[in-house]
Amino acid sequence: MKNKSVVAEATQMCAVDYAFKRIGGKYKARILWYLNMKKVLRYGELTRTLPDITTKMLTQTLRELEDDNLIVRKMYYEVPPKVEYSLTETAHELIPFIAHLHNWGKKQIEKESLTNRIHPDERALAVCQTECD
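Start counting at 1 in the sequence shown, then tack on 968, and there's your number in this note's numbering.
Just to be clear, a hint being listed does not mean it is correct.
Unchecked claim - With a cut-off of at most 35 Å between alpha-carbon atoms, the simulated DSBU-like pairs for lysine-lysine come out as follows: (1) Lys1079 <-> Lys1006; (2) Lys1006 <-> Lys1075; (3) Lys1075 <-> Lys1050.
Simulated from the structure, these hints should not be mistaken for lab results.
Whenever a hint applies, use it, and build me the whole structure from the sequences.
Here you go:
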């Protein structure tokens, strides 16, 4: 359960700010998107799915998503340890919005590719289209 200062902060901020604090950043929406597609992913699968993320950043991001009740971390006590991540019902409510962002991003990449205005660094992001679909 969240402490009183977090609840007080949430009641005083804009709803858009609140939402983006929960899903903003480079990796959170991508993790939610991939978990939605695969239903359950283990830590190693997430590292392969997000090759540009460091171990420290992935661990921190997963903890934040869990603290915000967007993912469930299920640990199996076996050797070697096994941990699985899946979406909560709250996160499932976000998926249509992330899908909308996905579709918008795809259209923008296509437009920019057609006009040759896409930055070389963004070409790598375009490759994720096949993984995201």
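Does lysine 1050 lie within 35 Å of lysine 1075 when you go C-alpha to C-alpha? The hint is violated at about 38 Å.
Given the proposed pairing of lysine 1079 with lysine 1006, does the C-alpha separation stay at or below 35 Å? Given that 35 Å is the threshold and the Cα spacing comes to 29 Å, the pair holds.
Are lysine 1006 and lysine 1075 close enough, with their CA atoms no more than 35 Å apart? holds, 24 Å
Hint violations for this structure: number 3 only, all remaining hints satisfied.
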